[in-house]
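Undergrad: Sequence:
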Amino acid sequence: MECALSGKVTQHPVITRSGHVFEKALILKHLEVSGGTCPITKEPLSPQELIEVKVNPAVKPRPATAAHLPELLTIFQNEWDASALEAFHLKQQLGIVRQELAHSLYQLDAAQRVIARLLRERDEARETLARLQPPVGFSGAKADGPKPMEEENLGVTAEIVSKITRLSEELGKERQKRKVPAPSQDSIAAFKQTSSQNTHKAAEPGLLCLDIHPTDNSLIITGGVDKTAVLYNQETKKKVHTLLGHSKKVTAVKFHPKENAIYTASADKTVRIWTQRSDGIDCSSVVSVHSGPVSALDVHPTGDFLLSASHDRSWALHDVHTGHTLTHVANASADHGIASAMFHPDGILTATTNGNNIKVWDVRKQQEIANFSNAHTGLVASLCFSENGYQMVSGSSEALHLWDLRSPAAPVHSFAFESDFNLSSVSIDWSGKYVAAAGNEIRIFATRKFVPVASLKDHSQTVTGVKWAKSGFIASTSLDRSFKTFGSA
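If you use this note's numbering, the sequence shown corresponds to residues 9 to 497, in order.
Any given hint could turn out to be false.
Stated by the list, open to error - Between beta-carbon pairs, the in silico distance windows are:
id: 1; residue 1: ALA133; residue 2: ILE377; range: 32 to 42 Å
id: 2; residue 1: SER204; residue 2: ALA110; range: 29 to 39 Å
id: 3; residue 1: ALA118; residue 2: SER204; range: 27 to 37 Å
id: 4; residue 1: ARG106; residue 2: GLY44; range: 13 to 23 Å
id: 5; residue 1: ALA338; residue 2: SER422; range: 28 to 38 Å
id: 6; residue 1: SER226; residue 2: GLN101; range: 15 to 25 Å
id: 7; residue 1: HIS344; residue 2: LYS185; range: 32 to 42 Å
id: 8; residue 1: LYS247; residue 2: GLY180; range: 47 to 57 Å
The hints are simulated quantities; they were obtained by calculation from the structure and are not laboratory data. In this text, a Cβ means the ideal position worked out from N, Cα and C, and glycines have one as well.
Can you build the whole structure from these sequences, using the hints too?
TA: Pasting the structure below:
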């Protein structure tokens, strides 16, 4: 069918009531221009009166120039040239887009480097400010240097002695009634890694210590080579706060069991007391009685006193709130500094390590009442009292010993390590049935026969700290910059 207007074959033919055939697009345009009259009959005509004709799509006749082979070759050559030219333009555009993308990526990388540098400078400025600024509510030693020991040594008064003795009696009676269910060896043997976090700076890798909150086991604090302590919430998987202020690596951390307070010790010879405030966590006191790196911290069962021990061969007792030092006990004759110290669960005794010796002290009199002379052939790196009140475990690079405090002449059980184990930390679970030892891996022993129950090898470098939670899981720190938790799957 040919269009009555154009004389060409129609692609979408329509017919009028007068019988004329038109190309639909042409007749509609004509009606719009002419005001609605038929181009042939000049009679009124509306678009609604057009009737579409159902025909097969027409094939356009070949142009006369394509009737012979040379003309066909010319057409194909022209189409090829057009395609090649289009491809060339597309390649040019692609090159321009690639250059713009590379430039944008370079700008993004530069921006990230600037942001990282600014964050690093901000952290360094905060650390410097925390060291130079007087602590909020300061009442202990000066932050910029040790205060003379004579000015701080307030003494253990008769009231304090009475309080410690009374609490010890109460805890002893309570322990006799308390029954703590012990997990089975099969459940301990099935321990697997349940979480792993890197919360400290990557520029100074290595975590050295940790503590788990006694009542809220979701809170874990870690201390690192980066001079900071980081409070982390295991339940929300978020970093709560970073404690800045120490000028050297953080070597020990401790929670207060009842109050919103944290204690940190450092190789900078100081102990810092941190308290929770509405706008965050601030340093309220700095204790500087030690002349060497502080290696251990512990909070007395009364919740009123803080124990610190140092490589200067001394230990000290402080007020947990003010930071005032109550007593400072030095042992100048010792060959080595104190690597580990801990209060007995009843609060009357404290134990310290000096070289390969373990000394037990009466806190009330600050007197040595027992000396486990040559307890190990190597340096004792860590010790821990059991909550049952009569057992203690100590560890060195060569062996792990379990002691019965009722007959301390010799260890009840021992386990010899291979030479490359490098023990750094020990911990006894709340039931007193299992011991965790940290070295190049974490090993768990049953205290009954001191046999290995499990071996956890998830850390890629030396494990520097291990701790049992009251709820039954284990947390650990390592030089690989991570702290991990382990428990039943």
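Undergrad: Of all the hints numbered above, which does this structure not satisfy? Sort the numbers upward.
TA: Failing hints, ascending: 1, 4, 6, 8.
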